[in-house]
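Protein chains: 2
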Amino acid sequence: MALRKTFLFMDTIINKVDAKGRVSLPSDYRAIVKELSTEIVCYRSLTSPCIEGCLEDLLDKLATDMENSLDFFSQTQDDLTNLIFGDAKRFPFDSTGRIVLTEKLLKHAQITDTAVFVGKGRKFQVWNPENWEKEEARIRAEVLKNRPSLAPKENV
Amino acid sequence: MALRKTFLFMDTIINKVDAKGRVSLPSDYRAIVKELSTEIVCYRSLTSPCIEGCLEDLLDKLATDMENSLDFFSQTQDDLTNLIFGDAKRFPFDSTGRIVLTEKLLKHAQITDTAVFVGKGRKFQVWNPENWEKEEARIRAEVLKNRPSLAPKENV
DNA sequence: TTGCATACCATATTTTCCCATGTTATATAA
DNA sequence: TTATATAACATGGGAAAATATGGTATGCAA
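Those sequence lines, one after another, are chains A and B. Per our numbering, residue 1 is the first one in the first sequence, and the count goes up by one each step. Per our numbering, residue 1 is the first one in the second sequence, and the count goes up by one each step.
Please note: incorrect hints may appear among the correct ones.
The list cannot tell twin chains apart, which means a pair is met if one copy fits it or any two copies do.
Keeping only pairs whose Cα atoms sit at most 30 Å apart, straight-line, the calculated DSBU-like set for lysine-lysine is [unchecked claim]:
no., residue 1, residue 2
1, 107, 145
2, 89, 145
3, 145, 61
4, 145, 104
5, 134, 120
6, 16, 123
7, 134, 16
8, 120, 104
9, 20, 145
10, 107, 61
11, 16, 145
12, 34, 16
13, 61, 104
14, 107, 20
15, 145, 34
Honestly, the hints are just simulated from the structure, not real lab data.
Produce the complete structure using the sequences and hints provided.
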């Protein structure tokens, strides 16, 4: 397989969640994980009723950044690491490509028997179908309304 | 088992502590210790009523950083390292995956029969359940309030 | 010996792994 | 292009392994 240059979570995939919390990770996502020899990490979104996921490498980078930027005994660092790493968990997938979501995550995202995977580039989200439908509509409306201010030069 | 690239303590795990102070180390944590052929080190948190733990390697890194630091003669850092290294102790786990916490540590964290392990990336903490519940609420409120200024570059 | 700490054993429960099957997507040949 | 073969994927169920946790035995030291 040719090595790719970019690794982005994309597309929107709907999969079943069984009674054990098992759900197939979209095959495109699995390909990324395999190629980078890493793992998926998931945690509750801080701001939305959904599960958020990323590659373990990203959290490792975060851990290193915090070690280097804030001093060893910083209170702020303490709070942040507790919140992020206390909630995150690795989710290795089995030979059939499934991960087992925890009760905590499913409850936070109000997911019962169906999950919607939504690509976000370096991250992805997992939603309850109805919630995602509303959220997507909201986002579309929001983006259209603010369109002029999204031009690259006006960012940051 | 494929060698992993990253070693992070994550997730929040609740385990029983028996009359002897025995408690199962979360299996994810044990996997890291085994894979790196190292040991867990625990000490009383300097700032919170909890036990703090990490890999022995990290304390070694701390010692090295102190040697190389411009603050080599800093009274504060000197005091802090005294406190940590004076308090730290290795905690090997037995064949069933348990460590035996000392009376000193349990008392400091006000732990009796239940312990909450909270991942912090390179470190982890062990809390009394009620205290952790309050602490988590405090952190969430604090982080949400200051969120913009806490975003480390591209993350969160 | 007695007290204490460590190592060993037993078991219920949880989690992971493996197999089977229907379905979808992709490739190949007519 | 269309039909057919092949491979990849999603998903359900059950077997096997790992985990958490209580209890007992063993060794060492006071």
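Hints, verified against the model:
In this assembly of identical chains, the alpha carbons of residue 107 and residue 145 lie at most 30 Å apart only when taken from different copies (24 Å versus 32 Å within one copy). For the homomeric pair residue 89 and residue 145, the shortest alpha-carbon distance between copies (25 Å) is at most 30 Å, but the shortest distance inside one copy (36 Å) is not. Taking the closest pair of Cα atoms, residue 145 and residue 61 come within 30 Å of each other only across two copies (24 Å); inside a single copy the shortest separation is 33 Å, beyond that limit. Taking the shortest Cα distances, residue 145 and residue 104 sit within 30 Å of each other only across copies (24 Å), while inside one copy they are farther apart (35 Å).
In the homo-oligomer, the alpha carbons of residue 134 and residue 120 lie at most 30 Å apart inside one protomer (17 Å), although the nearest pairing across protomers, at 33 Å, exceeds that limit. In this homomeric assembly, residue 16 and residue 123 come within 30 Å of each other (Cα to Cα) only inside a single copy, at 21 Å, whereas the closest approach across copies is 35 Å. In this assembly of identical chains, the alpha carbons of residue 134 and residue 16 lie at most 30 Å apart only when taken from the same copy (20 Å versus 36 Å across copies). Taking identical chains as interchangeable, the C-alpha atoms of residue 120 and residue 104 lie at most 30 Å apart whether they share a chain (22 Å) or sit on different chains (18 Å).
When the C-alpha separation of residue 20 and residue 145 is checked against a cutoff of 30 Å, the pair qualifies neither within a copy, at 42 Å, nor between copies, at 36 Å. Taking CA atoms no more than 30 Å apart as the test, residue 107 paired with residue 61 passes inside one copy only; the shortest distance there is 28 Å, against 35 Å between copies. When the C-alpha separation of residue 16 and residue 145 is checked against a cutoff of 30 Å, the pair qualifies neither within a copy, at 34 Å, nor between copies, at 36 Å. For the identical chains of this complex, residue 34 and residue 16 are intra-copy neighbours only, at 22 Å inside a copy versus 35 Å across copies, given an alpha-carbon limit of 30 Å.
Taking identical chains as interchangeable, the C-alpha atoms of residue 61 and residue 104 lie at most 30 Å apart only when both belong to the same chain, with a minimum of 25 Å there against 34 Å between chains. For the homomeric pair residue 107 and residue 20, the shortest alpha-carbon distance inside one copy (13 Å) is at most 30 Å, but the shortest distance between copies (35 Å) is not. Taking the shortest alpha-carbon separations for residue 145 and residue 34, neither the intra-copy value of 39 Å nor the inter-copy value of 38 Å comes in at or below 30 Å.
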